[in-house]
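Chemist: Since the structure of chain A is provided, determine the placement of chain B on it from the hints.
There are 2 protein chains.
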Amino acid sequence: MEPIKQFELSKEYLESLRLGIEGEDIDFIRESLDGVNVADIAALLDELSMQESIYVLRLLEKQFSADILIELDEDTLVKVLPELEIPEVASWIELMDSDDGADILSLFGEREREEVIAEIQDRVKLEQILELLRYEEDTAGGIMAKEFIRANKNWNVIQTINEIRRQAENVEKIYSIYVVNNRQQLLGRVSLKKIILAASETRIEDIYDEEVISVPVHMDQEEVASVMRKYDLESVPVVNAKNKLVGRITVDDILDVVQEEADEDIQAMAGVSADIEESDSVFTISKARLPWLLIGVIGGLMGAKIIGFFEDGLSKY
Amino acid sequence: MEPIKQFELSKEYLESLRLGIEGEDIDFIRESLDGVNVADIAALLDELSMQESIYVLRLLEKQFSADILIELDEDTLVKVLPELEIPEVASWIELMDSDDGADILSLFGEREREEVIAEIQDRVKLEQILELLRYEEDTAGGIMAKEFIRANKNWNVIQTINEIRRQAENVEKIYSIYVVNNRQQLLGRVSLKKIILAASETRIEDIYDEEVISVPVHMDQEEVASVMRKYDLESVPVVNAKNKLVGRITVDDILDVVQEEADEDIQAMAGVSADIEESDSVFTISKARLPWLLIGVIGGLMGAKIIGFFEDGLSKY
Numbered sequence: 001m002e003p004i005k006q007f008e009l010s011k012e013y014l015e016s017l018r019l020g021i022e023g024e025d026i027d028f029i030r031e032s033l034d035g036v037n038v039a040d041i042a043a044l045l046d047e048l049s050m051q052e053s054i055y056v057l058r059l060l061e062k063q064f065s066a067d068i069l070i071e072l073d074e075d076t077l078v079k080v081l082p083e084l085e086i087p088e089v090a091s092w093i094e095l096m097d098s099d100d101g102a103d104i105l106s107l108f109g110e111r112e113r114e115e116v117i118a119e120i121q122d123r124v125k126l127e128q129i130l131e132l133l134r135y136e137e138d139t140a141g142g143i144m145a146k147e148f149i150r151a152n153k154n155w156n157v158i159q160t161i162n163e164i165r166r167q168a169e170n171v172e173k174i175y176s177i178y179v180v181n182n183r184q185q186l187l188g189r190v191s192l193k194k195i196i197l198a199a200s201e202t203r204i205e206d207i208y209d210e211e212v213i214s215v216p217v218h219m220d221q222e223e224v225a226s227v228m229r230k231y232d233l234e235s236v237p238v239v240n241a242k243n244k245l246v247g248r249i250t251v252d253d254i255l256d257v258v259q260e261e262a263d264e265d266i267q268a269m270a271g272v273s274a275d276i277e278e279s280d281s282v283f284t285i286s287k288a289r290l291p292w293l294l295i296g297v298i299g300g301l302m303g304a305k306i307i308g309f310f311e312d313g314l315s316k317y
Numbered sequence: 001m002e003p004i005k006q007f008e009l010s011k012e013y014l015e016s017l018r019l020g021i022e023g024e025d026i027d028f029i030r031e032s033l034d035g036v037n038v039a040d041i042a043a044l045l046d047e048l049s050m051q052e053s054i055y056v057l058r059l060l061e062k063q064f065s066a067d068i069l070i071e072l073d074e075d076t077l078v079k080v081l082p083e084l085e086i087p088e089v090a091s092w093i094e095l096m097d098s099d100d101g102a103d104i105l106s107l108f109g110e111r112e113r114e115e116v117i118a119e120i121q122d123r124v125k126l127e128q129i130l131e132l133l134r135y136e137e138d139t140a141g142g143i144m145a146k147e148f149i150r151a152n153k154n155w156n157v158i159q160t161i162n163e164i165r166r167q168a169e170n171v172e173k174i175y176s177i178y179v180v181n182n183r184q185q186l187l188g189r190v191s192l193k194k195i196i197l198a199a200s201e202t203r204i205e206d207i208y209d210e211e212v213i214s215v216p217v218h219m220d221q222e223e224v225a226s227v228m229r230k231y232d233l234e235s236v237p238v239v240n241a242k243n244k245l246v247g248r249i250t251v252d253d254i255l256d257v258v259q260e261e262a263d264e265d266i267q268a269m270a271g272v273s274a275d276i277e278e279s280d281s282v283f284t285i286s287k288a289r290l291p292w293l294l295i296g297v298i299g300g301l302m303g304a305k306i307i308g309f310f311e312d313g314l315s316k317y
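In order, the protein sequence lines correspond to chains A and B.
Each residue of the first sequence is one higher than the one before, counting from 1 in the numbering used here.
Each residue of the second sequence is one higher than the one before, counting from 1 in the numbering used here.
Same shape as in the complex, but just chain A (with noise of 0.2 Å):
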């Protein structure tokens, strides 16, 4: 028995879906990728090439699709999305979630993303999309997403219940509820957990934590970070300068900060001063490396330099 239930990436899975795509065979491609985690279908698709990445993802059930386009390297994503139908990308992007979708679209060039905007049908979506585009990219705007479970604070139990039957398709993670007044500013938050353990009449101002932690919305991504980790928070609610609840982050995007921040961290102390990988060209990879190149040859032209101020008194010996 595998105590640990990944998918193995093996090369000779690899070859048997090359061959597959090649023979057409959507059968064998869609039963031996079913209830394959999506994080594990974006790795693979990272190893095709961009026509066989696309023949897959469009074999697939459209949110299996979405999700898969989520998890995709940038670098694979940049290389396929100018490849797909433009109503292709919108009808994805209505499955993801609204950060999820804000992030693709921002791959775009301002032209195809007016165009991808305005074949999306979803209206609510579309609008949190397009606020969520408002913010710059390294802020807990830019970072929140507009999906999370709201409750006034007048609710009973079983009206908040309701809530989350209702948003239960949009919201995979709930978390935390968020409690708010009429004016949609944040007072405090409920955990699910309270939630499960109080009686159905229980008015939700009679349970909630008044103590619950904020970010603002312009806040840096690399404080926010700071603030998850020393509170230890798994979601933490984004409020407006009058304290409105406009979003949400959760600690897996957060985990990706920290991941990012400190890879940038150690690249720069490298001397490397773009972002590089294994894959790149040796060009890319010597530009990159320009910096340090260059102080190399500074210091070597100082030292002949001195030489050649000491060449007098060595002439002696």
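Calculated from the structure, these hints are not laboratory results.
Note that this is a predicted model, so its numbers are computed, not measured.
Please note: incorrect hints may appear among the correct ones.
Just so you know, same-sequence chains aren't split out, so a pair can sit in one copy or run between any two.
[To be verified] Listed below are the simulated SDA-like cross-link pairs for lysine to any residue, each with C-alpha atoms no more than 20 Å apart in a straight line:
no., residue 1, residue 2
1, K125, V171
2, K153, Q184
3, K193, R18
4, K194, R150
5, K230, N37
6, K244, E169
Modeler: Then chain B, alone, in the frame of chain A:
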């Protein structure tokens, strides 16, 4: 209105707290810390002297003090712990999650650790902590906690909610409920959201999700971090070689792991071999940078050697 509701650690407050401690103004200390987040109080105690910290910890409600103790800097902890009474430490450890209790115990020398263990009254907690102490510090087993909710696949929703109720005090954050068979082997997971939305007679067997990612107890913590990051998990179950569920790791602990590993990498790249902080002495910092300084000295010597090598040639000019 202040959007981010964090406790502001001002010099003025610190000063008034110091005066309160000096004047033994118990009411002032208790009232001014009432409702403040434990992470903020820990940051405050890190600024105080060891005696002052202990004075404050002893004044507060026991559970509150135990929660604060966990959040203290390791530097502060190793100063504070030896000054506490053995029964006092034991009673605080009883109120902690097993992983935190094990962390605290591992900071004691062998003799003191045995003394504390002998004082722990809660036999269940003690057994859990002793099990955790057996695992390597940097592995899944070393960072997991024994507190989580498990449901037998034959239970229905009501029985599961009763289990949650029974464990409500022990398990602060639930995330997922892990589903096991009669031999305690991990079969899958069911989310709290699904429990809320299901009818009370629904059997767990019919609603649980078989696609659960688990990690083996001996897996390195860095690998656990990358699994949780890849699959966007907020908690991951830990299993032994027989797929028996033995613990779970939550993402707040993993966030600390990612940050620690990144800091280590950055320090390694900067040529610093040991963990240094701003507060360390010049001697400690210099010692940590020794590898780097040595390379400089060797480089200088080699340069002199090379010039010596060309001495004859140079002397011709």
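Chemist: Now tell me if each hint is right for this structure.
Modeler: Here is what the structure says about each hint:
no., hint, verdict
1, K125 - V171, "within (13 Å within a copy, 35 Å between copies)"
2, K153 - Q184, "within (10 Å within a copy, 41 Å between copies)"
3, K193 - R18, "neither (46 Å within a copy, 39 Å between copies)"
4, K194 - R150, "both (15 Å within a copy, 18 Å between copies)"
5, K230 - N37, "between (31 Å within a copy, 10 Å between copies)"
6, K244 - E169, "neither (24 Å within a copy, 32 Å between copies)"
The structure fails hints 3 and 6 (numbered hints given earlier, in ascending order).
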